[in-house]
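A.B. asks: In case you want the letters, here they are:
Protein chains: 2
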Amino acid sequence: MSNGTGHYEKRLSDLAGLYADQTAFAALLAEGDRVVYDVTEFRPSEKAGDVIFGVTRMSPGRIGDEFFLTRGHIHAKSDRPEIYYGQKGTGLMQLESPDGETRIVEIGPQTICYVPPYWIHRSVNIGDEDLVMVFCYPADSGQDYGIIERSGGMRHRVVAVDDGWTLTDNTSYV
Amino acid sequence: MSNGTGHYEKRLSDLAGLYADQTAFAALLAEGDRVVYDVTEFRPSEKAGDVIFGVTRMSPGRIGDEFFLTRGHIHAKSDRPEIYYGQKGTGLMQLESPDGETRIVEIGPQTICYVPPYWIHRSVNIGDEDLVMVFCYPADSGQDYGIIERSGGMRHRVVAVDDGWTLTDNTSYV
Ligand SMILES: [Mn+2]
Ligand SMILES: [Mn+2]
Chain S
502 MSNGTGHYEK
512 RLSDLAGLYA
522 DQTAFAALLA
532 EGDRVVYDVT
542 EFRPSEKAGD
552 VIFGVTRMSP
562 GRIGDEFFLT
572 RGHIHAKSDR
582 PEIYYGQKGT
592 GLMQLESPDG
602 ETRIVEIGPQ
612 TICYVPPYWI
622 HRSVNIGDED
632 LVMVFCYPAD
642 SGQDYGIIER
652 SGGMRHRVVA
662 VDDGWTLTDN
672 TSYV
Chain W
502 MSNGTGHYEK
512 RLSDLAGLYA
522 DQTAFAALLA
532 EGDRVVYDVT
542 EFRPSEKAGD
552 VIFGVTRMSP
562 GRIGDEFFLT
572 RGHIHAKSDR
582 PEIYYGQKGT
592 GLMQLESPDG
602 ETRIVEIGPQ
612 TICYVPPYWI
622 HRSVNIGDED
632 LVMVFCYPAD
642 SGQDYGIIER
652 SGGMRHRVVA
662 VDDGWTLTDN
672 TSYV
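From first to last, the protein sequence lines stand for chains S and W. Just so we're aligned: 525 in my numbering is position 24 of the first sequence, and the numbers increase by one with no gaps anywhere. Just so we're aligned: 618 in my numbering is position 117 of the second sequence, and the numbers increase by one with no gaps anywhere.
Possibly wrong hints are sitting among the right ones.
When chains are identical, the list treats them as one kind, so a pair holds in a single copy or across two.
EDC-like, lysine to aspartate or glutamate: derived pairs with alpha carbons at most 16 Å apart [what the hints assert, rightly or not]:
no. : residue 1 : residue 2
1   : K578      : D551
2   : K578      : D539
3   : K511      : D539
4   : K548      : D641
5   : K578      : E547
To be clear, the hints were calculated from the coordinates, so they are not data collected in a lab.
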């Protein structure tokens, strides 16, 4: 992205505790603290009525039978939505409503995914190549990661199966 | 775009009156009322705090020494901004401030263009291929095309020169 205002990376060590298979996590981390995803954004302001836009790129990979994924969050102003738009690769948006309903939106190039107000959201790279998406959200949204930490993650886990992926219960969820 | 909620096209006849060279316009129109640009959008609502996202594609072309371009508008809620992000091709965003200052942002793949609150904006395809951009703006922005019509267009025209483009005064501007 040219004309962006910021960039950050998340490494494997930043994602400690997210995955069920802690042995596989430790083994992969021992190979090196690789970048799992990075975000380049354009953030004109954080005022109501303004908009933040960015590009996120996530590497392909697995930890046990789980795919590389983002930590997941809800917006600090929880009624603020978000729009994702696929650019490259194949991913999922894992969405969880305030009353615990899970929805999965498959995202490929040119796919729109709308994150409705109040829904927790996380992206998952289920492909063999980088997952690249653009996103935009109201500039006053903010992010709250604590809701995920307090509940032991999201209600379900996306896990790899022979022909793709399926959902299982997250046994750490409280 | 998959999962979009709407689509529209603008044809040459919809752009009557925008161009200085009316003879060239009439000659091109006589060849057929071609689609000049189309927009596919995702519009979850028109409420404050929501966001509209879309993809716009504009054909390459010229009318006299002017490039194919959009009509231009200001937002009905004029303090609402917009973000464009280049996908394919080469274009310009022509921006005009409330006191008549013109700014031009060149847009190629992965270029961000921010349209600040209160600025009139129009996109121009200066290349030989389709110009494709994504855009997003606050869902309550609205569009006002009358400001352009009342003033005889924008203050400047983008015109082709040997090595690219330049700005000239729009003699219809009042
Ligand atoms: Mn978000
Ligand atoms: Mn606009």
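A.B. asks: Take the hints in turn and mark each one as holding or not.
C.D. replies: We went through each hint and held it up to the structure:
{"no.": "1", "hint": "K578 x D551", "verdict": "both (14 Å within a copy, 12 Å between copies)"}
{"no.": "2", "hint": "K578 x D539", "verdict": "neither (23 Å within a copy, 34 Å between copies)"}
{"no.": "3", "hint": "K511 x D539", "verdict": "within (6 Å within a copy, 37 Å between copies)"}
{"no.": "4", "hint": "K548 x D641", "verdict": "both (5 Å within a copy, 15 Å between copies)"}
{"no.": "5", "hint": "K578 x E547", "verdict": "within (12 Å within a copy, 18 Å between copies)"}
Hint 2 from the earlier list is the only one contradicted by this structure; the remaining hints agree with it.
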